[in-house]
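**Q** If you want the building blocks of each chain, they are given just below.
Number of protein chains: 2
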Amino acid sequence: MPQPNIDASKLKVTLTETPKPDYDNKTLSFGKNFTDHMLCIKYTEENGWEAPEIKPYGPLAIDPAAFVLNYSVETFEGMKAYRAADGTINLFRPSMNMQRLSTSSQRIKLPEFDQEQFLQCIKELVKVDQRFVPDQYGYSLYIRPNFIGTEPNLNLMYSKEALLYVYLSPVGPYFPRTVKLYANSEQARAWPGGVGNFKLGGNYAPALKPAMDVVAKGYDQILWLLGEDHYVTEVGTMNFLIFWVNEDGEKELVTAPLDGIILPGVTRDSLLALARQWGEFKVSERRVTMPEMIRAIADGRMLEAFGAGTACVVCSVSEIFYEGKSYAIPVDPSNPDAVFGPLTNRLRTELLDIQYGKTPSPWAVPV
Amino acid sequence: MPQPNIDASKLKVTLTETPKPDYDNKTLSFGKNFTDHMLCIKYTEENGWEAPEIKPYGPLAIDPAAFVLNYSVETFEGMKAYRAADGTINLFRPSMNMQRLSTSSQRIKLPEFDQEQFLQCIKELVKVDQRFVPDQYGYSLYIRPNFIGTEPNLNLMYSKEALLYVYLSPVGPYFPRTVKLYANSEQARAWPGGVGNFKLGGNYAPALKPAMDVVAKGYDQILWLLGEDHYVTEVGTMNFLIFWVNEDGEKELVTAPLDGIILPGVTRDSLLALARQWGEFKVSERRVTMPEMIRAIADGRMLEAFGAGTACVVCSVSEIFYEGKSYAIPVDPSNPDAVFGPLTNRLRTELLDIQYGKTPSPWAVPV
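Protein chains in written order, with this note's numbering: chain A, 1 to 367; chain B, 368 to 734.
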């Protein structure tokens, strides 16, 4: 008999007796405010997936010897719920997150799960906590699915027990301004044969100190370069895209290919798809090096550079520090106060219009 | 006023009311049996280190949004307590573990701690649970200090709250036999600019699947190769050492240098020091490639190869699979049943004799 998989019809809901007050949109900062409830689904190798449970948000009881606390057996996702003008709450391409979570979890030997049923449970959680979905354009309810290995066992085998859980955090705009990046070729976020293309917790801890170091220097985030040719990979919380006139004189939107180094971002994929639909310029996934970018800046061929990710949606890059020198990146030459470049803004608006239900699209999935 | 650091004199001890039965040495397997108590020391940026606490072993209450569960802000150590014939319980070079834990924790922005005071608390924990220190040569009490970021905050800054905790597991011999390694050049455990030289949980999760895959092929562990020249790095749970006649005709004990890729093992360091004291052959920390090793095997110059680490102490390698071919490594040509090669066994015996108090040494530190 096959073991039970996740079954949304068995969902148990226990509501909190101490609901939190509503959050004021103005005071929201990313990832610090949580809602009333969380979703927990336990797995054991012996009995498969247990009945999903929505219960009050609160501490998890984790064995000191659990895989997650010793060997970082953990993977996560980032998604958002958006409130449309008519009150509908939409998720954005959630099946891409389900698929990526599945891919990431298999990489660290966490058990397989029914993606459809898990998504159904997430929708139920969002419905239970729907009062926390902000009703303001640009604001949303961030959804964090976490998948952790909970078996207490120091043997480097695999975790025979696991917890898949989801919690929610109402958020405002992540970077409501342009950002300055610091190109780092000394440390590496990811490498060939590594795990940079999986959303594992272990990719993030090593990036904290380098990130804090560049903040101390007055920059916002790191632009991760790789190898001797200084291949431009990603920002770590965002994929990185440039819009330029390439060396062949063509207008081109280009970002790093999914070569095993790069996180396959849902926003990245969506922006590339939108731009390809337009068909107005070349859209490429290929490796670009920092020296190529510097040449383009020097030649006046760099039009815009921006980051893309679920948390930030998009954000324009106004400056990149590289090998002792700071390079200005155009944002919007027609408007010195612009927070987004023209192409960045057009992509952003099209995406937000889908997410907030202004433009009908199969990418918006009502809860 | 400086914030309070760890203060062993403030240690609070709460003993369990449900002590576990003694373990039978014969049934011990690595890292599955835990003792009655654990040590917990909490930190907050606001108030510094709280009073250390020894309390019954049990689940930790961790916020779902804690850094450790989302971004793998976690580092650990592995140490052992050994019971000497006269009943004394020794730690082995514990200050090296304290220093490495400090180095690892700074890499992921966990707070600094007083190494001496923390070690004092660990000694107290071992004393409280001393009945679990096995009284048999080759058996010991494994000590696992874990250091985790506990602040609930999804921002990729650093964790302003942390928990340093220690738990204990009585263990028997890790590999009571020779091991077969599978050389892996397709995936990478570590990388220049990466974090392979720090004992971070995030280095271990990505190695689980590759390790299970080679177990399914009949091998014990992976020998991690790096780069196009297939530099022989380490085993992942052990450093890797070879004893050979090098291409200049010299007898040489050689292991990978501490070049940022390699975990700086305490056992590795100790074995190199012992062999250097003997002064009988060359002892080198330098890069060796897999093709060089294959040539030495073909020429009959390979004498022994072995892994070294706290969990296993040493274990001889009898076979390495590389690029479609299996290569036999000599263990002890004079004894087909030998589990250790002659040099490996001599190093092991000298080390164990220090650890179990047979040979007086400043490396053995009584609790």
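It is possible that part of the hints are untrue.
Stated by the list, open to error - Interface residues of chain B toward chain A, partial, derived using beta-carbon atoms under 8 Å:
#1 Pro431
#2 Leu436
#3 Trp558
#4 Val562
#5 Asn564
#6 Pro624
#7 Asp626
#8 Gly627
I should point out that these hints are in silico values taken from the structure, not numbers from a laboratory.
These numbers were taken from a predicted model, which means no experiment stands behind them.
Beta carbons are placed, not taken as given, at the ideal position from N, Cα and C, and that holds for glycine.
**Q** Each hint needs a verdict: does it hold in this structure or not?
**A** These are the hints, each one checked on the structure:
1. Against a cut-off of 8 Å between C-beta atoms, the interface hint on Pro431(B) holds, since the closest Cβ of chain A lies about 5 Å away.
2. Hint status for Leu436(B) relative to chain A: holds, with the closest Cβ pair at about 6 Å, below 8 Å.
3. Hint status for Trp558(B): holds, given a least beta-carbon distance of 4 Å to chain A, under 8 Å.
4. The criterion of a C-beta within 8 Å of any C-beta in chain A is met by Val562(B), whose closest approach is roughly 5 Å, and the hint holds.
5. Using the Cβ-Cβ criterion of 8 Å, the hint placing Asn564(B) at the interface with chain A is not satisfied: the shortest such distance is roughly 11 Å.
6. Of the supplied interface hints, the one on Pro624(B) is violated, with its beta-carbon coming no nearer than about 19 Å to a beta-carbon of chain A, more than 8 Å.
7. Below 8 Å, beta-carbon pairs count as interface contacts, and Asp626(B) has none with chain A, the closest being about 14 Å; its hint is therefore violated.
8. Given hint, Gly627(B) at the interface with chain A, is violated; its Cβ is 10 Å from that chain's nearest Cβ, farther than 8 Å.
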